[in-house]
Amino acid sequence: MIGVYVHIPYCIRKCRYCDFCSIPIDETAGRYRSAVLKEIALSADKYPGERVKSVFFGGGTPTILPAEDLCAILDAIRTAFPVEPDAEISIECNPKTIGFDGLKRLRSAGFNRLSIGLQATQDRLLRRIGRVHTYEEFLATYQAARDAGFTNINVDLMHGLPGQGQDDYLDAIRAVASLEPTHISAYSLILEEGTPLYDDVTHGHETLPDEDAVADMEDAGMDLLEALGYHRYEVSNFAKSGYECRHNLVYWHNEPYLGLGAAAHSSMIEDGFWVRFSNESSIPAYFKKLEKDRLPRAERILINTFEQMFESVMLGLRLTKGVDRKAFFDRYGCDVIETYKEAYDKNERYGFWDHSDPACLRLTRAGMDRLDAVLRDFRERRWIDFLRR
Amino acid sequence: MNFDPNLIRNFSIIAHIDHGKSTLADRMMELTDTVAKRDMEEQLLDSMDIERERGITIKASAVRMFYHHTDGKTYMFNLIDTPGHVDFNYEVSRALAACEGAVLVVDATQGIEAQTLANVYLAVDNGLEVLPVVNKVDLPSAEPERVIHEIEDVIGIPAEDAPCISAKTGQNVGDVLARIVDTIPAPTGDPDAPLKALIFDCFYDNYKGALSYVRVFDGTVKTGTRIRSMATGNEFDVTEVGVFAPSWKPVDSLTAGEVGYIAASIKSVAETKVGDTITEAGRPTKEALPGYKQANSMVFCGVYPADGAHYDDLKEALDKLKLNDASLSYEHETSAALGYGFRCGFLGLLHMEIITERLEREFDLDLVTTAPSVVYHVYTLDGRKLVIDNPTNLPNAAEIDYMEEPIVNATIMTPSEYVGTIMELCQNNRGTFVDMQYIEADRVNLHYVLPLNEIIYDFFDSLKSRSRGYASFDYELSGYARSELVRLDFLLNGEMCDALSTIVHKDRAYAKGRAVAEKLKDVIPRQQFEIPVQAAIGSKIIARETVKAVRKDVLAKCYGGDITRKKKLLEKQKEGKKRMRQVGSVSVPSDAFMSVLRING
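As given, the protein sequences belong to chains Y and G, one line each in that order. Take the first sequence: its letter number 331 is residue 331 in the numbering used here, and every next letter is one higher. Take the second sequence: its letter number 583 is residue 583 in the numbering used here, and every next letter is one higher.
Chain Y with its partners taken away, still in its complex shape:
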């Protein structure tokens, strides 16, 4: 069973912090739907009969395309692959890009989960990071989604924004929680090279809250979310019980997924080999390959067992549940703790392991705060030593 991801690389305009693949909507958007349909048809030939347990439309801002395009793409996926009857079918949207009618249409076509990008509830903060909407406009979109029949809704929030104080962040969490979405993603702002925000910060035109302030915000936000009934199941994801995002769990369980659309990434099993590939990230290049009836691949690499193992740890440790030791053993034929003994022991000394469930390799909250450092230790394990064992 696989997850399917569809990338829609258009936005009204790009936010100042964003380094994802997206461009302001242009005339290519009219041809995007037919290109993706072509890619779906070619993929169906390559992976016939592959069962699908989740579909996720992400971006960019998927809802910037007409609802009929989005529905047509979903229909094509259903035609090409057997999509499970209870599959989770998510779509991301940003306020102002879709109204009640469009949402209603999506809901009827089978989309059953909506993820709304909000980031903050203070308009001054939204402006400062280049969001195109206000808090009021978000509320309107949220209400329209409810009216259209969406019951499973995620709202994205961010902390560490320029000008944001802890109170701003906690107010945003309270305000959003009062709407009772099923899921809240709480990301920290990552300053990425090449973004306008990055340039502003490096030239001193903009300042971000300092490291400690961001960490305080994050910690306080986590406590508040838990108190409001949203349990943390991944580094930055919180949900009401039973509403964890199944599509994202595909990633974190290191299961196969097929990415469609420009710049989409995939991990699939081909002829018994685990391969990872990415699509062309420029829209003209993506179109061009499809016009020639070729899959729009930009890069394709084989992932050997050793790398797969590391990726299973890297992704699994993001989950509060951790890495399932039995699943790991079944997949790789070795125990995760024994295989990474040195890294395990080192972090055991720091008290980073949560021993509450011996069936899982699980980090404590303190350990999760330093996940990258823990992973760097796991990365020290060399393939050659693994082979020699």
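In short, the hints are calculated from the structure, not lab data. Incorrect hints may have been included.
Claimed, not checked - Among chain Y residues calculated to face chain G with C-beta under 7 Å, some are:
| hint | residue |
| --- | --- |
| 1 | Ala-215 |
| 2 | His-265 |
| 3 | Leu-371 |
| 4 | Asp-372 |
| 5 | Ala-373 |
| 6 | Arg-379 |
As the list claims (entries may be wrong) - A short, non-exhaustive set of chain Y residues, derived as facing chain G with CB atoms under 8 Å:
| hint | residue |
| --- | --- |
| 7 | Ile-190 |
| 8 | Glu-211 |
| 9 | Asp-212 |
| 10 | Glu-218 |
| 11 | Tyr-233 |
| 12 | Val-235 |
| 13 | Ser-267 |
| 14 | Arg-276 |
| 15 | Glu-311 |
| 16 | Met-314 |
| 17 | Met-368 |
| 18 | Asp-369 |
| 19 | Arg-370 |
| 20 | Leu-375 |
| 21 | Arg-376 |
All C-beta atoms in this analysis are idealised placements derived from N, C-alpha and C, irrespective of residue type, glycine included.
Based on the hints, put chain G in the right spot on chain Y.
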């Protein structure tokens, strides 16, 4: 048939940095057709990249020109270029000793600077005739009249008919050539007397070996002559003699009054000592020329490869630089923090910067350098005298009777409005005021005695910033003085980091310890645990800062399916860690070891 000595003029050009020395030399070569105009590369004499970039001369060099004078005769000019920095004072004095005269170039917009003054005194001490020239008269802010008065008042030489020139445009440069013939005396010397030649510089060539750049005072030297170094007693057979025209050009012989080079299959410039006298082995001259000194390193620092695996590359690079730079010294040393490296000795801070820059640039090495140190004399209670150039080697305080540190006489010239702030700077750096002279109503010459270790870090930079760039500075080592010194150590997470230790005056230790600890707190990145940063004298902790433990080391961002990117990010983070030095359990960035110096103590 050698050139008539009466038609030879040997001279140097003395000028402050940027006052136009190299430009003037270029114009002279152009006017005398020494180099065709199309072959002129800007500032021909400064041939190293670093020299050109910094606009300073590091090594001396020489060039021979032929000038057709208005009297109808052709004169041979030997221009000996001198290094332009206080670190190379000895080299300057030897280059001047090879000349009968000096052209003093003063910038018409700036006036005399401390460095110029020091070199003019060196020239006068060497009995040279000084020909003043006022440069940059084409600039709108030029004040040639004021500068001429300044030359007369400060240096005390007549300057009313000094040529007012623009080396840049070539204006009146011809006058300078004519005045050189009239003002600067011809060399005297007996071509038939036993050979007596002064080495004023040396150069290593892959094919010819170490070349001695010489001024012949008496006698003649030619291919086959067996020569002897009067400083070392070593003897060599001359394989080639030549002149600078401007590149090396072999000639039959060099005779009294002439300037040129001698090649004798000498393996290293360490054997051709600047200031040494060369004579014939079979018919030695009675007395060596005066002024020879063994070059002594004044500033030392540890130089380590950033990646320990490149130790051999660093050694090879140092060996190569040493071939051409006798004043560079180095020996193997081991640091607990930095591993295998070298203790290097330099003539001064500029010399140190140049060498480390060349190592990084020409040999593509990544280096970690430790705080520079001067040489201390340590007298122990059991009567021994130790010479310490590495703070780590300082014995326990309980074993030390007393210590001495090197002291310099410093001359600072400044517009009078900055006197207050500069005196404050000198006091802050343990300076002792000697005297102050008004050169003019608004320019002052300050004399201070300062400990060398106070001026090797950032004294010069502070001086420049306090005087908005107008003050100039010169110093010479005057000897050693007793001083209350202590070793200041730094502990990271309780472990001493030897590469950070410095020797400081005890009254300054607290302030310095606090400042460096604070700085370290900023440059050491947060790690998995809290890191106490402590400054200590012996077992006594005098300052403490804390590098807080990292709070979040995780990307709380959704990368969706882009696992490859996430992995690359981890690899990048790991690379970043590798560039750090492990001091016990603490990772320290390579540049931390130097950055702690940039402290205004």
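Hint by hint, here is what the structure shows:
1. Proximity of Y/Ala-215 to chain G holds as hinted, the smallest CB-CB distance being about 4 Å (cut-off 7 Å).
2. Look at Y/His-265: its Cβ gets to within about 4 Å of chain G, closer than 7 Å, so that hint holds up.
3. The closest approach between the C-beta of Y/Leu-371 and any C-beta of chain G is roughly 4 Å, which is under the 7 Å cut-off, so the hint is satisfied.
4. Of the supplied interface hints, the one on Y/Asp-372 holds, with its beta-carbon coming within about 5 Å of a beta-carbon of chain G, less than 7 Å.
5. The criterion of a C-beta within 7 Å of any C-beta in chain G is met by Y/Ala-373, whose closest approach is roughly 5 Å, and the hint holds.
6. At its closest, the beta carbon of Y/Arg-379 sits 6 Å from a beta carbon of chain G; the interface hint therefore holds under the 7 Å criterion.
7. With its C-beta approaching chain G no nearer than about 5 Å, Y/Ile-190 sits inside the 8 Å limit, and its interface hint holds.
8. A distance limit of 8 Å between C-beta atoms decides the matter here; for Y/Glu-211 the minimum to chain G is near 7 Å, and the interface restraint holds.
9. The closest approach between the C-beta of Y/Asp-212 and any C-beta of chain G is roughly 7 Å, which is under the 8 Å cut-off, so the hint is satisfied.
10. The beta carbon of Y/Glu-218 comes within 6 Å of a beta carbon in chain G, closer than 8 Å, and the hint placing it at the interface holds.
11. The closest approach between the C-beta of Y/Tyr-233 and any C-beta of chain G is roughly 13 Å, which is over the 8 Å cut-off, so the hint fails.
12. Checking Y/Val-235 against chain G by beta carbon gives a least distance of about 5 Å; that is within 8 Å, so the hint holds.
13. Here the hint on Y/Ser-267 is kept, as its CB sits about 7 Å from the closest CB of chain G, short of 8 Å.
14. The beta carbon of Y/Arg-276 is positioned within 8 Å of a beta carbon in chain G (closest approach about 6 Å), and the interface hint is therefore held.
15. For Y/Glu-311, the shortest C-beta to C-beta distance to chain G is roughly 6 Å, which falls under 8 Å, so the interface hint holds.
16. Hint on Y/Met-314 holds. Least Cβ distance to chain G is approximately 7 Å, under the 8 Å limit.
17. Given hint, Y/Met-368 at the interface with chain G, holds; its Cβ is 7 Å from that chain's nearest Cβ, closer than 8 Å.
18. Restraint check, Y/Asp-369 versus chain G: the minimum CB separation of about 5 Å is within 8 Å; hint holds.
19. Because the beta carbon of Y/Arg-370 sits about 4 Å from the nearest beta carbon in chain G, less than 8 Å, this interface hint is met.
20. Below 8 Å, beta-carbon pairs count as interface contacts, and Y/Leu-375 has one with chain G at about 6 Å; its hint therefore holds.
21. About 5 Å separates the beta-carbon of Y/Arg-376 from the nearest beta-carbon of chain G, less than 8 Å, and the hint is met.
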